[in-house]
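Trainee: Put together the whole structure using the sequences plus the hints.
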Amino acid sequence: MDISYRLADIAAQLGGRVLGDAEVRISQIATLEKAQPNHISFLTNSKYRTQLAGTRAGAVILGEADAGATDLPRIISDNPYAYFARVSALLNPLPEAKPGVHPSATVGAGAQIDPTASIAAMAVIGAGAAIGAHSIIGEGCCIGANSVIGRHARLYPNVVVYHNCMIGDNLIAHSGAVIGSDGFGIAMDEGRWIKIPQIGRVVIGNDVEIGANTTIDRGALDDTVIEDGVKLDNQIQVAHNVRIGAHTAIAGCAGIAGSAVIGRYCLIGGGARILGHLQLADHVEIAAHTLIGKSIREAGSYAAIYPFGKTEDWRKNAVHLRHLDDLAKRVKALEQEIALLKGKD
Amino acid sequence: MDISYRLADIAAQLGGRVLGDAEVRISQIATLEKAQPNHISFLTNSKYRTQLAGTRAGAVILGEADAGATDLPRIISDNPYAYFARVSALLNPLPEAKPGVHPSATVGAGAQIDPTASIAAMAVIGAGAAIGAHSIIGEGCCIGANSVIGRHARLYPNVVVYHNCMIGDNLIAHSGAVIGSDGFGIAMDEGRWIKIPQIGRVVIGNDVEIGANTTIDRGALDDTVIEDGVKLDNQIQVAHNVRIGAHTAIAGCAGIAGSAVIGRYCLIGGGARILGHLQLADHVEIAAHTLIGKSIREAGSYAAIYPFGKTEDWRKNAVHLRHLDDLAKRVKALEQEIALLKGKD
Amino acid sequence: MDISYRLADIAAQLGGRVLGDAEVRISQIATLEKAQPNHISFLTNSKYRTQLAGTRAGAVILGEADAGATDLPRIISDNPYAYFARVSALLNPLPEAKPGVHPSATVGAGAQIDPTASIAAMAVIGAGAAIGAHSIIGEGCCIGANSVIGRHARLYPNVVVYHNCMIGDNLIAHSGAVIGSDGFGIAMDEGRWIKIPQIGRVVIGNDVEIGANTTIDRGALDDTVIEDGVKLDNQIQVAHNVRIGAHTAIAGCAGIAGSAVIGRYCLIGGGARILGHLQLADHVEIAAHTLIGKSIREAGSYAAIYPFGKTEDWRKNAVHLRHLDDLAKRVKALEQEIALLKGKD
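Chains as they are written, first to last, in the numbering used here: chain B, 2 to 346; chain R, 2 to 346; chain X, 2 to 346.
Since the hints were derived computationally from the structure, they do not count as laboratory data.
A couple of the hints might just be wrong.
Heads up, the list lumps identical chains together, so a pair's fine if it works in one copy or across two of them.
[As the list claims (entries may be wrong)] Straight-line Cα separation of at most 20 Å, EDC-like style, residue types lysine to aspartate or glutamate; simulated pairs: (1) K295 / E313; (2) K48 / D79; (3) K317 / D327; (4) K330 / E313; (5) K196 / E228; (6) K317 / E286.
Mentor: See below:
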């Protein structure tokens with residue numbers, strides 16, 4: 002590809018204020034450190050201002066506060082990080098896929114595939130499924146019977162969507178993601194587990210991204226719901242009947258247990274665990290590797306991380322965790338003794 | 002589907018005692034909250050008895066203790082949760098798969114596929130493999146050479162079973178599950194890792210369910226063994242030479258390290274970690290997100306979860322974990338001081 | 002297979018010193034407990050010396066310190082564990098794959114496939130990709146456009162490599178592994194997440210093994226780099242722009258957040274989490290289930306594991322974690338009181 006834009010063209014398309022030579026031609030985006038003269042770079046935090054000095058970038062994206070921090074040609078934006086994302090998308094358009102069904106793919110009876118959609122090699126579209134306009138179903142993907150995928154979806158190879166799922170527009174699903182697998186529903190009866198059929202669906206809104214090898218189970222009776230704009234990283238487990246509120250972002254390896262309800266605009270750290278049937282308010286932030294064991298009704302930042310240390314130090318300290326209650330009682334007893342002694346004086 | 006049953010028909014098939022109008026016709030199962038007049042619902046815990054009042058369900062499943070809690074047509078069962086599971090299965094039979102091998106599938110030399118089995122599109126059956134009666138091998142699944150899968154298995158799309166594995170009857174394996182991958186066996190030699198060939202198998206009993214993207218490694222020398230009735234949720238990692246006892250259930254994202262031996266009827270919480278070479282007795286219950294670092298010889302419930310809090314509170318408290326040993330010593334010193342002071346009085 | 006070797010043959014190929022009957026014929030390797038007379042076994046730790054007594058093995062591999070611990074035919078090696086690995090590889094050669102492209106596979110325009118390579122059924126090789134000599138691309142694998150895979154690779158079924166990735170020689174990748182998926186890059190703009198295009202690559206050195214369902218994201222701008230000899234177990238998440246130093250080994254379910262730089266010869270335990278942008282020195286060892294929240298500059302062993310207990314004991318003790326700061330202050334106050342009281346005496 003030989004895409005390039007003048008700085009003036011970029012600002013014309015994406016907004017922002019150009020300072021310096023608006024004719025400089027840009028063909029790629031790069032970090033301040035690695036940028037070349039045909040690259041645009043960006044500064045999203047004033048504390049890295051000194052890095053501007055050494056860059057070879059042809060232009061930079063800056064916030065208002067840093068507008069005067071360099072003489073380089075520059076675009077000033079209220080939100081330089083978002084601006085960077087938009088410039089990168091402009092310079093790196095996704096490859097187009099050829100519309101139509103690859104001869105090696107199979108399509109079930111009654112499936113409706115928009116003529117602008119692309120079904121890649123080895124993909125399987127189930128009976129009665131529907132694939133919307135401009136959607137790309139990657140190699141080896143399998144779309145279950147009667148599932149509906151909206152417009153402009155991009156499923157990378159080997160994604161599986163089970164039957165009867167409903168997915169909105171602009172889905173991005175990475176390889177190995179599984180949508181609609183059975184929830185973990187079992188009932189003990191006379192020494193054996195009986196399977197509880199999982200007859201709910203997965204319902205996904207618009208503008209959702211699902212990471213590689215992330216799994217989203219279908220509901221037991223009602224649906225599992227992922228609202229608009231939710232962003233899921235890799236290897237996340239979303240159990241049956243979970244609801245994830247709009248624009249919540251969840252980092253890799255997190256696990257959300259059954260029937261948990263996560264609010265809107267939450268940020269959940271990598272490897273965090275949310276137990277079943279809990280509710281998290283909107284705008285809740287959970288630290289990485291933290292287990293949430295009861296509902297959180299108030300926006301804010303929550304954590305529970307055991308601080309690491311050298312193994313010998315950790316071991317010496319950790320042993321007392323088994324005796325904290327005893328230690329607390331001993332402190333209480335000491336306080337009483339002291340009070341007594343002081344009383345005697 | 003237009004399946005429906007009279008309440009009397011259900012009880013005739015599944016047992017239980019009908020109270021009220023046995024002629025009411027039921028076509029689906031639903032929660033008390035969402036049920037419609039053609040639905041049956043259920044109450045599995047007396048503490049939710051008040052929810053019975055508002056339900057629009059045509060009938061309900063109740064335990065003996067709640068038999069009189071409503072006038073709705075009802076089935077009384079000793080185990081209403083298991084009864085619910087059975088009714089749901091009755092009302093929601095799994096779709097049948099057409100027997101035979103899809104033209105796009107490939108079958109290796111000497112593979113034995115029962116004529117009642119179904120091999121879906123893009124599936125690959127390795128040389129010498131055997132697929133039992135009524136088993137369904139989903140789209141894009143790959144069954145390795147000489148592996149044996151029993152009767153009535155249901156493998157959802159893109160499951161991989163490596164070579165030489167032995168699987169019993171009634172397996173359910175969800176998409177992305179991997180059975181028989183190499184265990185993590187490496188030996189350091191002069192600054193480089195040498196791979197230790199993993200020549201054991203995975204041996205799986207009857208009535209096992211394996212969740213989406215769960216991985217079960219083959220043994221290094223001996224086999225990895227999953228006994229009858231084990232239920233594994235999504236994204237679980239089972240390392241080489243693990244043995245999981247019959248009827249144990251493990252929640253999502255748990256990890257069982259090499260050569261661990263888990264007892265029968267254990268319940269292991271989501272994200273829990275069992276270290277290698279440990280043994281867990283029968284009927285051991287492990288809390289979510291808990292690391293088990295030594296063997297557990299006694300049935301019971303075990304946990305280790307750091308309680309979460311607001312990040313600023315957590316931080317203020319957590320800092321002391323690095324000095325617990327010092328704190329304990331200071332308390333001990335105080336006790337000695339007090340004893341001395343008291344002695345002086 | 003009917004492979005067998007005389008003990009003398011093994012030592013001729015692999016080195017080591019034979020004691021006892023060098024003519025004994027060996028066809029397989031097994032544990033001391035399970036070995037039969039045609040098997041060779043091994044002792045890697047002198048503390049298990051007593052197990053030698055009961056073995057039925059035809060021969061054993063021993064370290065120098067144990068050379069006299071048995072009369073069995075034996076090979077003495079400086080590193081009996083590595084020797085065991087080599088003997089096992091000798092006795093268990095991997096099955097060869099037939100060179101060429103399976104008729105059901107598809108190959109994109111301009112892809113270069115070495116004539117000695119093997120492309121299995123349902124595999125898809127993207128346009129412009131290159132597959133090196135003697136490499137095996139398993140069933141249902143998908144190699145993205147312009148990606149390069151070196152010589153002697155072995156990709157098990159359903160591995161996905163995205164576009165533009167560079168992989169060295171001798172890669173082993175297990176089923177469900179995903180290499181090159183988008184990193185989790187999003188920018189918030191007026192209440193919506195904007196995707197940051199991930200235009201870096203994944204670059205993997207020689208002699209790397211990647212476990213089942215492990216995911217390695219491509220870089221945002223620069224590359225994600227896995228150096229030579231790195232060994233990754235199953236279900237590991239490697240985020241964008243991570244660098245993992247040569248010969249580091251990481252156990253299952255670990256997660257490495259974005260831009261973290263892991264040193265050489267590190268050992269990272271199962272389920273451990275390394276936060277983003279951190280640096281770990283060479284030869285750092287991280288315990289299982291430990292979160293690392295700041296950089297580690299010094300080689301050594303680090304841990305943070307909450308010790309488990311019976312749930313009722315754990316609960317009784319854990320409650321004090323929310324009040325540790327208070328407890329520490331109370332101890333300090335007591336110390337001051339005591340000092341005062343002692344002063345008074």
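Trainee: Are the hints correct? Go through all of them and say.
Mentor: Now for the hints, and whether the structure bears them out:
1. K295 / E313: Answer is between: at 18 Å across copies they meet the 20 Å cutoff, but 33 Å inside does not.
2. K48 / D79: within (17 Å within a copy, 54 Å between copies)
3. K317 / D327: both (17 Å within a copy, 10 Å between copies)
4. K330 / E313: between (27 Å within a copy, 17 Å between copies)
5. K196 / E228: between (28 Å within a copy, 17 Å between copies)
6. K317 / E286: between (32 Å within a copy, 18 Å between copies)
Hint check: no violations occur; every hint is consistent with the structure.
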